[in-house]
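Engineer: Here our numbering is used: the first residue of the sequence shown is 1, the next is one more, and so on.
Hints in this document: simulated from the structure, not taken from any laboratory. Errors might be hidden in some of the hints.
[As the list claims (entries may be wrong)] When the alpha-carbon atoms are kept at most 25 angstroms apart in a straight line, the in silico DSS-like pairs for lysine-lysine are as follows:
| hint | residue 1 | residue 2 |
| --- | --- | --- |
| 1 | K716 | K214 |
| 2 | K250 | K214 |
| 3 | K669 | K214 |
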Amino acid sequence: MKSSYTGALLRITLLTIVFFAGGWGSPSINQAVAQLQSQTGTLSGLVFDEDSSESIIGAAVRLEGTLLGAATDIDGRYIIRNIPAGTYTVIFSYVGYTDLRFTDVVIEPNGRHELNALLSASTLDLDAVTVSAARQRDSDVSVISDIRRSSQVLSGVSAQQIARSQDGNAAQVMQRVPGVTLVDSRFVMIRGLSERYNNVLINNTLAPSTEVDKRTFSFDLISSGSLDRMLISKSGSAELPGDFAGGVIKLFTVEQRDENFTSFSIGSGYRVGTTGRSYMQSRGSRTDFLGFDSGFRALPGDFPDSRSLQNSARNAQLRQDAALMLENNFLPESTTALADHSLGLAFGRNWQAGSRRWSNITTLDYSTGYQCYDRSFFRYLEWENRNQPILQRFAFNDETFQKETRLSLMSNFNLRLNPSHSISFKNLFNQIGENETILRNGTDFIQRPDDELMNYLLGYRSRSIYTGQLEGNHRLSENQSLNWTLGLSYLGESEPDLRRFRTFRDINDADERFTMQMPPSSNLFDTGRYFGSLDEISVNQGVNYEYRPARGPEFIRGGYLIDYRSRDFSSRYISYLYPGFFNPNVREELIRLPLDEIFAPENIRTLDGFVIEEGTRPIDSYGAESLTLAGYLSTEFVLSRMQLSGGLRVEHNTQQLNSQDDFQDIRVKNPVLSLLPFLSASLTLTERTQLRAGYSRTVNRPEFRELAPFVFYDYKMDAGRAGNPNLKTAQIDNADLRYEFYPRVGELISVGVFFKYFNNPIENRTIVTTESPQFSYINADYAMSYGAEIEFRKSMLGLTNSAFIDRFSVNANASVIFSEVNLGETAVAQSQTRALQGQSPYIVNMALYYDDQQRGIQASAVYNIVGPRIFSVGDVLFPTIYEMPRNSLDLSASYRFGRGSQLKAGISDLLNAPYRFYQDSDRNDRPETGRDHEIFSYSRGQKISLSYSYRF
Numbered sequence: 001m002k003s004s005y006t007g008a009l010l011r012i013t014l015l016t017i018v019f020f021a022g023g024w025g026s027p028s029i030n031q032a033v034a035q036l037q038s039q040t041g042t043l044s045g046l047v048f049d050e051d052s053s054e055s056i057i058g059a060a061v062r063l064e065g066t067l068l069g070a071a072t073d074i075d076g077r078y079i080i081r082n083i084p085a086g087t088y089t090v091i092f093s094y095v096g097y098t099d100l101r102f103t104d105v106v107i108e109p110n111g112r113h114e115l116n117a118l119l120s121a122s123t124l125d126l127d128a129v130t131v132s133a134a135r136q137r138d139s140d141v142s143v144i145s146d147i148r149r150s151s152q153v154l155s156g157v158s159a160q161q162i163a164r165s166q167d168g169n170a171a172q173v174m175q176r177v178p179g180v181t182l183v184d185s186r187f188v189m190i191r192g193l194s195e196r197y198n199n200v201l202i203n204n205t206l207a208p209s210t211e212v213d214k215r216t217f218s219f220d221l222i223s224s225g226s227l228d229r230m231l232i233s234k235s236g237s238a239e240l241p242g243d244f245a246g247g248v249i250k251l252f253t254v255e256q257r258d259e260n261f262t263s264f265s266i267g268s269g270y271r272v273g274t275t276g277r278s279y280m281q282s283r284g285s286r287t288d289f290l291g292f293d294s295g296f297r298a299l300p301g302d303f304p305d306s307r308s309l310q311n312s313a314r315n316a317q318l319r320q321d322a323a324l325m326l327e328n329n330f331l332p333e334s335t336t337a338l339a340d341h342s343l344g345l346a347f348g349r350n351w352q353a354g355s356r357r358w359s360n361i362t363t364l365d366y367s368t369g370y371q372c373y374d375r376s377f378f379r380y381l382e383w384e385n386r387n388q389p390i391l392q393r394f395a396f397n398d399e400t401f402q403k404e405t406r407l408s409l410m411s412n413f414n415l416r417l418n419p420s421h422s423i424s425f426k427n428l429f430n431q432i433g434e435n436e437t438i439l440r441n442g443t444d445f446i447q448r449p450d451d452e453l454m455n456y457l458l459g460y461r462s463r464s465i466y467t468g469q470l471e472g473n474h475r476l477s478e479n480q481s482l483n484w485t486l487g488l489s490y491l492g493e494s495e496p497d498l499r500r501f502r503t504f505r506d507i508n509d510a511d512e513r514f515t516m517q518m519p520p521s522s523n524l525f526d527t528g529r530y531f532g533s534l535d536e537i538s539v540n541q542g543v544n545y546e547y548r549p550a551r552g553p554e555f556i557r558g559g560y561l562i563d564y565r566s567r568d569f570s571s572r573y574i575s576y577l578y579p580g581f582f583n584p585n586v587r588e589e590l591i592r593l594p595l596d597e598i599f600a601p602e603n604i605r606t607l608d609g610f611v612i613e614e615g616t617r618p619i620d621s622y623g624a625e626s627l628t629l630a631g632y633l634s635t636e637f638v639l640s641r642m643q644l645s646g647g648l649r650v651e652h653n654t655q656q657l658n659s660q661d662d663f664q665d666i667r668v669k670n671p672v673l674s675l676l677p678f679l680s681a682s683l684t685l686t687e688r689t690q691l692r693a694g695y696s697r698t699v700n701r702p703e704f705r706e707l708a709p710f711v712f713y714d715y716k717m718d719a720g721r722a723g724n725p726n727l728k729t730a731q732i733d734n735a736d737l738r739y740e741f742y743p744r745v746g747e748l749i750s751v752g753v754f755f756k757y758f759n760n761p762i763e764n765r766t767i768v769t770t771e772s773p774q775f776s777y778i779n780a781d782y783a784m785s786y787g788a789e790i791e792f793r794k795s796m797l798g799l800t801n802s803a804f805i806d807r808f809s810v811n812a813n814a815s816v817i818f819s820e821v822n823l824g825e826t827a828v829a830q831s832q833t834r835a836l837q838g839q840s841p842y843i844v845n846m847a848l849y850y851d852d853q854q855r856g857i858q859a860s861a862v863y864n865i866v867g868p869r870i871f872s873v874g875d876v877l878f879p880t881i882y883e884m885p886r887n888s889l890d891l892s893a894s895y896r897f898g899r900g901s902q903l904k905a906g907i908s909d910l911l912n913a914p915y916r917f918y919q920d921s922d923r924n925d926r927p928e929t930g931r932d933h934e935i936f937s938y939s940r941g942q943k944i945s946l947s948y949s950y951r952f
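Can you build the whole structure from these sequences, using the hints too?
Structural biologist: Spelled out as structure tokens, the structure:
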């Protein structure tokens, strides 16, 4: 019976007593009510599974012989208020569990009695139907239980915590984890280490790198609604892949539910500064709304190959015919940026056949989002006289227009053969289409000081990403279990017809037409059309065996993993030219034509017209393979209050890459054998506290792109990027120490320190070229990273006598990190020692949650800030660029009503603080906004979102 109903009964009873005892001459009713309620107390606590320590939702708690009682909420908590003082028997019950009775429970006047219960599962034979309770893994309590039992330094986020936030994808969820930094709104850094030092597993299967130019995983590809939980291992163990230094991030998608359901959702978002604004984009294909190009932008199937074009004369008929096959698509057209919108459909089904049970959960999500913002972009000359203002190299304003379409499908199947054997088949597919237009307007004070420049980038990129796992879990006996996995991943990326070109006009004549800047030969940034494609397939298979002997160690584990990856990357680029032996007067007329006319078919001619020239080199394509064979053995001993774990993982990896430059073949073959020991110890200090220490050795291998000598022009940075085929595998020694305090189930307070030593770390290198930088990679001599972390998860339940305060909870974490990398003698044109690129000296995340289960109201406020970090490593010509701190605040609220409706509203990035990047002009390794100089800055605008969902 709800406490509000109990209070009403008390008031009615009191009114009757007052009336018959003397009517209105007695103390007021309110005074009498207060007097009676002062003789009552409160009973509260948590209910959880005795075996798994997981919370139990919906357990009944009642006081025998009364109408007083309550049910546990999503956290397993209950509270019964206004209990008349006295002694009671309290009964806990839940379907599939044995009832638990507590006698002689004393409720004192104005007292608060806390009573927790451990329910043990029971199996009841009811007409040959077996009823058993399934473990809940997606709650805060479940995740914290995993953290507490783990032999590693572990952090995690539950689906329950995700649901209380405004987070729309896994990247946004990740920034709630201690020591985690979000880069470019989708990549993750852990403990200040570059994203290349992380490893990602989806449902226990290795995930592919999602980017062409670096080793990383784009976490924004996975919607938050598809996540069951997320665990981040910051220390190594024999069971984990050995290739990491920051952390191993495990993403688990939603598993089966006990009940059948169907749900749908619809949402919309208004972004300040974008929605309703003029939006620029070149013509697209009829399938852009599905996240891929229909072939409109692609090279035609009968387009001549690179060798044929390059071996032909500039005025050859072959070149004219080829140019006429390409779309005349150089004019960005203006439309209106619509409100962001999303649709979602999900269903879950269960089938029973004897002792076998099938289940399936399928989700389908579709979304489209717009972004329009202005970005300032500056570059400077060397600041030689610090008493004089610095001289600008150029000053631009980038009008940026972005549109992203995403289609996501998740379908997970589970077959439970019996309580000891189950097989699951999990699938996740994402199709993403990204349209981007950048209009760059400004002045280059060195190359064209008398001209106004208008440069263009018109691009479209589509990605198809699939990851699937077939997994079996088998309990062979009471003390033996076996797990096996078979995984397949695919990454396909297409960037068809990326157009980059530059125009200019007299800075003093605003009425003059812009003139196309024509290159003397084919290049990546003048009248260029770039076509790139990548295909990567990964197959892995693993077995994990566990034996729990009757005496001796707690367990012995062993297993193996085979992981094979294959990548094929190819690219071509073509430019328009006007040959020098053609009529120069015609040239002057053509290069001043409007953008939609200049490269029209009538202007493509073998005489006195434009021709195309292909600049593709052999180095612009590569093929690569990687084969990892791994095996491990680990064990754990419990000595009184101490838990000791240790083991060894052995990995043999062979990386191969095939490419060529203008003179010779480039062959890379790096076989490396790695012995990776680990040791950890946990000391239980009290029932609620423990001390954890660990050591592990891990490695960090070069990614395919880092080995490939292919050069890509980065329009946004006005810089080139190239790989280094001579990179070596880095080795890392990791040490951790952490104190953990668990006030109550579902709560955690921890303080920890860590230290990492890198041998041959892979770092960015700046190559001095001409007036623009070029970035590559090198092995530094060594590096160190060390710091401290604190995490605080606490419920307000029971801290006061206020039911309102009881509904609040706090989740806060902070990190302080220091690092140093020594580049050794390879440090040419840059400092020998510096901080690790991307490392923030501090990270702070804070979240306040409100949860009223009775009224169906939830709300949250989430704050985040990271300290200044190196964005781009400098050299003698270009100072280091730092990304400056930025305050972020998100608000969200939801309301459940009716039988299955939920309304959710939120404001993302309420403060709309600008993204600011400053160069270290005075080269003192400290970015200072009052002294150093801005390189680029922009604000994306607040996003106000509203969504409705209904669950049948």
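Engineer: Tell me, in ascending order, the numbers of any earlier hints that this structure violates.
Structural biologist: Per hint list: zero violations.
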